[in-house]
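Fit chains B, C and D to the known structure of chain A by using the hints.
In order, the protein sequence lines correspond to chains A, B, C and D. Counted from 1, the first sequence has number 101 at position 101 by the working numbering; the numbering is strictly sequential. Counted from 1, the second sequence has number 62 at position 62 by the working numbering; the numbering is strictly sequential. Counted from 1, the third sequence has number 210 at position 210 by the working numbering; the numbering is strictly sequential. Counted from 1, the fourth sequence has number 164 at position 164 by the working numbering; the numbering is strictly sequential.
Pairs count within a copy or across copies, as identical chains cannot be separated in the list.
Simulated pairs of lysine to any residue, SDA-like, Cα-Cα distance not exceeding 25 Å:
| hint | residue 1 | residue 2 |
| --- | --- | --- |
| 1 | Lys171 | Ser45 |
| 2 | Lys195 | Asn209 |
| 3 | Lys39 | Glu21 |
| 4 | Lys216 | Glu21 |
| 5 | Lys216 | Asp150 |
Treat the hints as calculated values from the structure; they're not laboratory data.
Number of protein chains: 4
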Amino acid sequence: VQDLPKRSMACSRFEYVKSFEQDDSILPNVWIVIRIDGKKFHKFSKAHDFEKPNDENGTLNVMNAAATAVMQEFRDIVLAYGQSDEYSFVFRKETASFKRRSAKLLTYVTSLFSTSYVMQWSKWMNLPLAYAPCFDGRVVLYPSEQNLKDYLSWRQADVHVNNLYNTAFWKLVLEKGLTNQEAEAKLRGTFSADKNELLFQEFGINYNNLPAMYRKGTILLRKRVILGDKSRQAIVPLHEDLISSQFWKQHTEILGKYV
Amino acid sequence: VQDLPKRSMACSRFEYVKSFEQDDSILPNVWIVIRIDGKKFHKFSKAHDFEKPNDENGTLNVMNAAATAVMQEFRDIVLAYGQSDEYSFVFRKETASFKRRSAKLLTYVTSLFSTSYVMQWSKWMNLPLAYAPCFDGRVVLYPSEQNLKDYLSWRQADVHVNNLYNTAFWKLVLEKGLTNQEAEAKLRGTFSADKNELLFQEFGINYNNLPAMYRKGTILLRKRVILGDKSRQAIVPLHEDLISSQFWKQHTEILGKYV
Amino acid sequence: VQDLPKRSMACSRFEYVKSFEQDDSILPNVWIVIRIDGKKFHKFSKAHDFEKPNDENGTLNVMNAAATAVMQEFRDIVLAYGQSDEYSFVFRKETASFKRRSAKLLTYVTSLFSTSYVMQWSKWMNLPLAYAPCFDGRVVLYPSEQNLKDYLSWRQADVHVNNLYNTAFWKLVLEKGLTNQEAEAKLRGTFSADKNELLFQEFGINYNNLPAMYRKGTILLRKRVILGDKSRQAIVPLHEDLISSQFWKQHTEILGKYV
Amino acid sequence: VQDLPKRSMACSRFEYVKSFEQDDSILPNVWIVIRIDGKKFHKFSKAHDFEKPNDENGTLNVMNAAATAVMQEFRDIVLAYGQSDEYSFVFRKETASFKRRSAKLLTYVTSLFSTSYVMQWSKWMNLPLAYAPCFDGRVVLYPSEQNLKDYLSWRQADVHVNNLYNTAFWKLVLEKGLTNQEAEAKLRGTFSADKNELLFQEFGINYNNLPAMYRKGTILLRKRVILGDKSRQAIVPLHEDLISSQFWKQHTEILGKYV
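One chain only, chain A, in its complex shape (with noise of 0.2 Å):
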């Protein structure tokens, strides 16, 4: 906390080491993608007891609303995705928070989607947090829109791979009564078709018919939406298909200029 006004610093005995931090500016004009993760967030699963897979399910909601956060304290974001216990920002090309210092970047991101993370908790669920969660952050550059769009097609690509594998293994853990094991192996060498066969024939589930957000995970976007008869901005969740041509060319203004 600082009260002072700016004084001269005493202490230049010492003050040499500050020449020891260095440089990490970003490269201009490229995309710079922060992904943070859950750190053992299987380990954490365990620790809540969650009944799966509904419980896991609720806490993507606590997800979505930490990175809710993280996207109105940093404007420059102009796309958020999350699925699992991880989250991408994405930060429009142009941007210059923070100089673009690739730490202050990464570290923002990462400690305000943590403590909103905690404090977003007891909205949504109904049991308290066993112990502080931890995430990591990474900081990737994409220097093409089409680099950018193919690393958003891999990770949802990485959502619909998991919960189909996911939804299928504890149905048949929790409703055919298979231990684990036989589950992984009734599993195993399966294709997504043998999956979504499996779910329709033994359970009479259709795929494609559970919720958008756990096949597709949450897309957050700025949209400018009326409320009551004003229109202002707001971070928008869907859960649509991003890999299509069609998600871009409805939301343009994600890699234009400005939004």
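Positioned in the frame of chain A, the structure of chains B, C and D alone reads:
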């Protein structure tokens, strides 16, 4: 959350984007310091309408508790030093934690500190958190023991300068009824000796008798302690002068090969 | 020189030092520009007691020959641009040469340019090299085609400003008998149009009729040429205006996937 | 070549590209080692049809002369060590040369070494250079004296392993008439002691009596020498064992504050 057996990722068309992640391993054999700073804690302070300077000092306990949680989790931190809204964590020179990857170390420490801060808040403060706080973090490398000692001395000299000023400032404002501007004007250009004299002459305060935590900050060390009839390792807070060589002679384990 | 079969290195006690080498791979999908600059070529010029500005222009041929040698060796360089004592080499965006390791690319280009410069010297110059010349090199990354074109335009605009000045300066000194100081004073604060006018009025010189190599620098491109009755690839020098969009329309292979 | 008074650059539209240059200053207080390696010197060797191993040993003189030129130019190099087609240059820990910018240091050393190699060639070799040689360079940082000594020991242990092998290999080929493959087969799996024994038994050679330059490589140091009746600093070549602590006791100036 990963419930799946290690699977071959499908989605090969997009996976090339992973190759854009860049290696950020830290040079071997240097001290790794991670310093965390509160983002706009002056505003944070105001939002809570703290009673000065006591409430603010109360938040030091939250900082210390959060830092203790970080040290308990990351075993290769040999020392932490905190003052005001900042905390520095020193990893031993030989650490191989997270393969010395800079972003991993930086974000794990920043994230766990941040979530612990929120979770510890209510244990130390009577008022609820007004909003989610946010911390930035940076990595600084020091090749020699002398560099590391000088870094920590720099931070401790800083708390001295700041705390002496703040103490005098708030006495003038709260007890003498000066406005902030008047107090600032009165202190402008004064040396430490002048402020010591002012505190003694006008308020009967011997600055050196004020609580060491305010004057010296908090050093966290791992120490073997006796609990009941057992000895175990614990994180111990100290409020000593680490600028003196005496400190380093007394706590030789800090610079040792392992603690 | 390695004559040995790949052997298991003995010396394990020391080999740990190899781990101090840090990865410096360049981000994928960006243009890699390596610019080389003569170290203290003003002094180098003086040491050879060049006749101004002709001899100095003679060294441009040495520069061009050295740059051609570099392009012949490193096939992923799609364009080189030289003026005065500097040369820029542009690697295609997708290059995987030397795994995009920054120091490898940088030093191979700098070293081969340097040795070629020395070996080419006697083919173009009548006087021997006074001493071993030295060049520095730097790597700069450009994410977009526009950035790359602007970089090259920046260098070509630079040669225009410099060469117009130098031409006027040496005319004033050599033909009007002004001292260096007088010539400098006369040109101070003048615009391009003024210098063009001065050359025309006082020396009857139409600047635009001077050799293009002096006015525009040298662009090296790979082109398919006819030699006898065969077509083969060659490095072709051009002295065109690359600031205009015309240039890029005419040489589309530069920005293409491969040459 | 810059003949102009420091002028305000016109071309502001393009100058933004300069901001893409990234800071690469090296961490303070670490030893900076720059190692240069001949690119494909096996092929280079063949192109000159060297008489083995003598001619190749002749090129060591060219290497040493080039390295001496580098040390004469860059005063903060305290030691250079060369063997085979490589040379390492050690800048003192505190050097502020070129603001410790990595690419500047790396390319100046690599470039001057390269041009000096070409210019020195004819002084030491009877045949002309077949083509422009090329060297790569890398920067490696060592925080402690022990790390630095171990680095140099690593390189010297390497020359021992290689030279002993090469000596035995060429003796077998040139004097016993073995083919390269037969010689290789005969030496495969042998230890140093075996090769020493072979040289002694079959060729009457005591390996330790061979010239130290081949066995130990070349160490260049700055030493005060007497020339006529004056004392001046010179670059002195040594062929000593630098793995032993004796070497470091004898040449304490290397690790000193300044030479």
